[in-house]
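K.L.:
Here's the letter readout for the chains.
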Amino acid sequence: MKRLVLLLLAVFVLAACEDEDKDKKAAGAACAGAPAQMQAHPALPAGFPDAAGIHYTGVQQKGPTTVASGYLTETIGPAHDAYMKAVGNARGYKVTHDEQDAADSEVNFEGNGKSGQVKMVQECKSRTTVTITIRPA
Amino acid sequence: MRLAALALLAFVACSCGASGSKDVKPLLVVVNAPFSRTPYLGRTIENGVRLAAQQVAATGLRVDGQRYRLEVRTMDNGLSPAHAVANVRQAVADGAVAIVDEGTGVNASWRIAAKRGVPICIVFDGGSSLVDPQTRPNVFRIAPTDHGVAFRLAEYLIPKRLRIGILHDDSDYGTNGESELRKAFSENRSSVAVDETVPADALDLSPQVLQARRAHATALLVWGRPSTIAAAITAARSAGWNVPVYTPPTGADPFVRQQLANHPAWLNGLTFAGGRLTAEVGVAPFERFEQRYETAYGVDRVGVRTRSGAEVIEPPEIAMYAYDFVNLLAAALTHANSTDPAKVTRSLEEVTIEGANGDERSFNKIDHEGVVDDDVYFARFRDMTYAPVKDDPLSATLPRIPQTR
Chain S
1 MKRLVLLLLA
11 VFVLAACEDE
21 DKDKKAAGAA
31 CAGAPAQMQA
41 HPALPAGFPD
51 AAGIHYTGVQ
61 QKGPTTVASG
71 YLTETIGPAH
81 DAYMKAVGNA
91 RGYKVTHDEQ
101 DAADSEVNFE
111 GNGKSGQVKM
121 VQECKSRTTV
131 TITIRPA
Chain R
1001 MRLAALALLA
1011 FVACSCGASG
1021 SKDVKPLLVV
1031 VNAPFSRTPY
1041 LGRTIENGVR
1051 LAAQQVAATG
1061 LRVDGQRYRL
1071 EVRTMDNGLS
1081 PAHAVANVRQ
1091 AVADGAVAIV
1101 DEGTGVNASW
1111 RIAAKRGVPI
1121 CIVFDGGSSL
1131 VDPQTRPNVF
1141 RIAPTDHGVA
1151 FRLAEYLIPK
1161 RLRIGILHDD
1171 SDYGTNGESE
1181 LRKAFSENRS
1191 SVAVDETVPA
1201 DALDLSPQVL
1211 QARRAHATAL
1221 LVWGRPSTIA
1231 AAITAARSAG
1241 WNVPVYTPPT
1251 GADPFVRQQL
1261 ANHPAWLNGL
1271 TFAGGRLTAE
1281 VGVAPFERFE
1291 QRYETAYGVD
1301 RVGVRTRSGA
1311 EVIEPPEIAM
1321 YAYDFVNLLA
1331 AALTHANSTD
1341 PAKVTRSLEE
1351 VTIEGANGDE
1361 RSFNKIDHEG
1371 VVDDDVYFAR
1381 FRDMTYAPVK
1391 DDPLSATLPR
1401 IPQTR
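Respectively, the protein sequence lines represent chains S and R.
Note that the numbering used here has the first sequence beginning at 1, numbered continuously upward.
Note that the numbering used here has the second sequence beginning at 1001, numbered continuously upward.
Treat the hints with care, since some could be wrong.
Unchecked claim - Here are the simulated DSS-like cross-link-like pairs (lysine-lysine), alpha carbons at most 25 Å apart as the crow flies: (1) K119/S x K62/S; (2) K119/S x K1025/R; (3) K1183/R x K62/S; (4) K1160/R x K1390/R; (5) K1365/R x K94/S; (6) K1160/R x K62/S; (7) K94/S x K62/S; (8) K1390/R x K62/S; (9) K1343/R x K1115/R; (10) K119/S x K1365/R; (11) K125/S x K85/S; (12) K1160/R x K1183/R; (13) K1025/R x K1115/R; (14) K1390/R x K1115/R; (15) K119/S x K25/S; (16) K125/S x K94/S; (17) K94/S x K1183/R; (18) K119/S x K85/S; (19) K1390/R x K1365/R; (20) K85/S x K1365/R; (21) K119/S x K1390/R.
As the list claims (entries may be wrong) - One-sided and incomplete, this derived list gives chain S residues near chain R with beta-carbon spacing under 10 Å: (22) Q61; (23) G63; (24) V67; (25) V95; (26) G116; (27) V121; (28) R135; (29) P136.
Calculated directly from the structure, the hints in this document are not laboratory data.
Treat the numbers as computed from the prediction; the structure is a model and nothing was measured.
Think of the CB as a built atom: it goes at the ideal place given N, C-alpha and C, for glycine as much as any other residue.
Between the sequences and the hints, there should be enough to build the whole structure, so can you do that?
P.N.:
What follows is the structure, encoded as structure tokens:
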């Protein structure tokens, strides 16, 4: 009976890993050409900090909220660390929550009357896309 | 997938036998919810708590050398703050180690629980004032916040250049929501055609809906109890006004569909904001949770059918929040190596679990919210079931959860 339970549990764990494997495969693929960068460096609301090496590709206003897009030429781990450091060291800001998975991560923040999230997805071997959402707290 | 569910069942069944000995002491967990006034909400919270308690028993809970099981007790707050406070007083007097709460009355009840350090976790009400780690260190929440829902609605609707008629009812839920909507639309007031308060117990909202129409609203945003949402839709559609309707999570409450069961087309196009059910790892973890939930309690039947006759069910979203909190509680008990509620409350800021949807669930010293604002998505009804919208970046990435049997 114990063997049967162990066998079934192994199948259960394998099923759980299936989705994560797909993300890992995409993150391991070679990168195509990088998206066009913005001509000028955008000024984000409330002095929101830049991570070292960030390349901005666009900024949108969605009602009360600013959404900035960009990328880092890093894998997900260093990209996550870069934003943890940038937000953690920025005057008035603090990281409220963060999570890093195999190919994506989030750094949630608040401060200076704002709150939001830096969402990162490693889209290929050496590039991580960054989406920064900044809304009134 | 079936094999995985079978494996888990076998595992639970084996483990249950092992933990049934007499030296296992009970630890009381109270569910304070509106079982009489909104039965679906109360029952689904209770089921989430019981499911997690069973699994905790299956894996075993050992604290300071003593084995424990979580004993679940329900208390009906009837949506009355006074009843909710009385329930919390009783729960604390009875030695509860934690309270899982729908949210009614927490503005008063948290103090009673705080005297003994008992943690309260809100799993439905998103009111911003309810949770503050500095002033209410024993209050936690796993549910979308009103702030997150209101701002996500503003981000979604304002770029569409709609003129929005805001209707909110005068319940605590409605007034808290209106307060957040006011902030979310404060820099874009030209997007708001009219902002009206309606009675929470009104059966006919025709005058208020007519007023919104006369103000040239091109969309309705209805923030209130399920009955208010159903009444607003009925008033608009029966007047021949096919205006798009947007709501907070209560739009997905089965009561709305039950009220509109005779006019299923009226529901088509209703868009609600809610907490995402699945995480980046995919749909598999939530499906496994849903299977465990169904095995234990059956499906949550909405009481309506699709055009093809399929029975519509409601995915166990709120149950998932309650389930995750109880698993966090078990982790905190182990981490604290104590059943002293005050120590458990502090430990809740230090533990992390994998939630039912595969995402991490945790709190910390500066944040007692278990659902971040950026996890609010939008779904739209068609034929009595809903699917994530395609014109919102987050929602467009989310899978449709099956809702028929």
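K.L.:
If a hint holds in the structure, say so; if it does not, say that too.
P.N.:
Quick rundown of the hints versus the structure:
1. K119/S x K62/S: Holds: K119/S and K62/S sit about 17 Å apart, inside 25 Å.
2. K119/S x K1025/R: 44 Å, violated
3. K1183/R x K62/S: Satisfied, since the Cα-Cα distance of roughly 15 Å is no more than 25 Å.
4. K1160/R x K1390/R: Within the cut-off at roughly 14 Å; holds.
5. K1365/R x K94/S: 12 Å, holds
6. K1160/R x K62/S: 10 Å, holds
7. K94/S x K62/S: Holds - the C-alpha atoms of K62/S and K94/S are around 23 Å apart, at most 25 Å.
8. K1390/R x K62/S: 16 Å, holds
9. K1343/R x K1115/R: 13 Å, holds
10. K119/S x K1365/R: 22 Å, holds
11. K125/S x K85/S: 22 Å, holds
12. K1160/R x K1183/R: 19 Å, holds
13. K1025/R x K1115/R: Given pair K1025/R, K1115/R holds - Cα atoms ~24 Å apart, limit 25 Å.
14. K1390/R x K1115/R: Not OK: K1390/R and K1115/R at ~48 Å, beyond 25 Å, violated.
15. K119/S x K25/S: Holds - the C-alpha atoms of K25/S and K119/S are around 19 Å apart, at most 25 Å.
16. K125/S x K94/S: 30 Å, violated
17. K94/S x K1183/R: Between K94/S and K1183/R the Cα gap is close to 22 Å, so the pair holds against 25 Å.
18. K119/S x K85/S: 15 Å, holds
19. K1390/R x K1365/R: 36 Å, violated
20. K85/S x K1365/R: 19 Å, holds
21. K119/S x K1390/R: With a Cα-Cα distance of about 19 Å, the restraint between K119/S and K1390/R holds, given a limit of 25 Å.
22. Q61: 8 Å, holds
23. G63: Interface hint status for G63/S: holds (3 Å vs cutoff 10 Å).
24. V67: 8 Å, holds
25. V95: 9 Å, holds
26. G116: Check passed: Cβ of G116/S comes within 7 Å of chain R, closer than 10 Å.
27. V121: At 8 Å from the nearest chain R Cβ, V121/S passes the 10 Å test, so the hint holds.
28. R135: Because about 5 Å separates R135/S from the closest Cβ in chain R, which is inside the 10 Å limit, the hint holds.
29. P136: At about 7 Å, which falls below the 10 Å cut-off, the nearest Cβ of chain R leaves the hint on P136/S intact, so it holds.
Hint compliance for this structure: hints 2, 14, 16 and 19 are broken, all remaining hints hold.
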